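Q: Sequence:
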Amino acid sequence: MSSFADRLRMAMGPGGYDNSMRRSIQTACLYEARRCLKDRMPGLRPFQRKVALLDVAQYLLKSADYLNAQVKEEVMYRTATSKELLNTDVAWKRMKLIEREVQQLINKMKPHLTAENTTDQACEAFIQTQYEAVTHQKKPHPKHWEHTHTNVMLTYRMYFDGENLRSDLPPAKPPKQIVVPASKPDKKIVVGQSPLVGGIGIGSGVTTAASAHTNSYFLSVGGDEGSGDPNAVTTSDINDAELEAIVSQSGGGDASSSTLAAAATTSQQQTSAPCDERRLLLKEVREHLDLLKEFEGVIAPEELNKRKRELFISLPSAPPPAKLRKSMGGAGFETG
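Take 41 as the starting number for the sequence shown in the working numbering and just add one per residue.
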């Protein structure tokens with residue numbers, strides 16, 4: 041069975057991506073994300089469903105490695121004019137409309153869905169009919185005209201054979217680990233932001249996020265601040281090398297997998313936390329830093345630096361000197 045990225049590429053045609061396909065591809069990503077999450081939605085709260093939907097849609101788009109970073113960002117614009125990134129609420133509303141619009145498209149196409157026509161032939165016949173009705177011109181429709189007049193045609197081509205879903209679709213399951221916030225964020229999450237710390241994981245073989253503390257706060261990229269420790273101090277800009285050095289010196293290991301959550305607690309909680317919990321926190325910060333590197337060139341440098349500052353704040357306090365650890369009897373720390 042072909043992957044989502046493979047099916048998207050085939051539906052786009054031999055010419056590849058065209059700017060007119062922006063909303064059509066966004067629609068396909070939201071449709072597939074909803075299909076993957078359908079069985080897991082009942083176990084989530086409404087705001088968690090929205091976060092999960094946008095998270096999976098972004099991941100699916102990212103898997104289309106034949107699209108460059110600029111195109112992927114444009115696909116997730118709310119509108120091409122505003123260049124405002126899609127947020128969870130808008131993504132959810134658009135997803136709710138897709139199935140209805142696809143069914144409306146099928147109803148309109150029924151005269152062309154005959155035994156003599158393949159699904160692709162029926163699509164072409166329908167598009168030509170629509171073009172003539174709109175323009176009152178009896179000539180072949182321009183290439184990509186369909187994408188400027190219906191953004192669900194690409195989704196229909198990918199998922200349907202006639203009036204029914206295709207029989208060769210891959211299993212409907214999340215393609216990645218998903219972490220959703222345990223409590224509702226104060227502000228909408230947009231493309232490029234990650235869920236709140238202390239969330240829950242969904243998907244095959246996924247464990248819950250560690251360190252779900254009451255004082256966990258939102259780590260944002262797009263400028264939306266969360267509710268963090270009121271006593272937290274701000275830091276100056278730090279670069280990748282400085283942050284990695286801090287994590288490494290604190291005992292953080294290499295990241296074994298990508299994650300969308302980083303644990304963040306107050307410094308008092310961090311100091312008294314058990315050693316294994318502290319190491320897990322450091323590992324999650326390291327993994328989050330690795331994830332940020334994937335967005336270089338896509339997200340503005342000042343936004344990346346802001347995220348790094350927040351990661352710095354979320355780091356646990358440094359271990360006390362060896363002499364102090366010895367006097368403490370090694371409580372909460374490894375003394376060997």
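Treat the hints with care, since some could be wrong.
[As the list claims (entries may be wrong)] Label pairs and their calculated CB-CB ranges:
1. ALA109 to ASP201: 13 to 23 Å
2. GLN143 to SER43: 34 to 44 Å
3. GLN177 to SER223: 54 to 64 Å
[What the hints assert, rightly or not] Simulated pairs of lysine-lysine, DSS-like, Cα-Cα distance not exceeding 25 Å:
4. LYS333 to LYS112
5. LYS333 to LYS216
6. LYS123 to LYS112
Honestly, the hints are just simulated from the structure, not real lab data. Keep in mind it's a predicted model, so treat the numbers as computed, not measured. Where is the CB? At the ideal position from N, CA and C, for every residue including glycine.
Q: Just to be sure I understand the hint, the distance between the Cβ atoms of ALA109 and ASP201 should be within 13 to 23 Å; is that true here?
A: At roughly 33 Å between Cβ atoms, ASP201 and ALA109 fall outside 13 to 23 Å, so the hint is violated.
Q: Given the hint that LYS333 pairs with LYS112, test it: the Cα-Cα distance must not exceed 25 Å.
A: Measuring from Cα to Cα gives roughly 16 Å; hence the hint holds.
Q: Between LYS333 and LYS216, is the straight-line Cα distance small enough, at 25 Å or below?
A: OK: LYS333 and LYS216 at ~18 Å, within 25 Å.
Q: Need the status of pair LYS123, LYS112: alpha-carbon distance at most 25 Å?
A: holds (12 Å)
Q: Quick one: are GLN177 and SER223 within 54 to 64 Å, going by C-beta?
A: holds (56 Å)
Q: Okay, GLN143 versus SER43 on CB: inside 34 to 44 Å?
A: violated (26 Å)
Of the numbered hints stated above, those contradicted by the structure are hints 1, 2, listed in ascending order.
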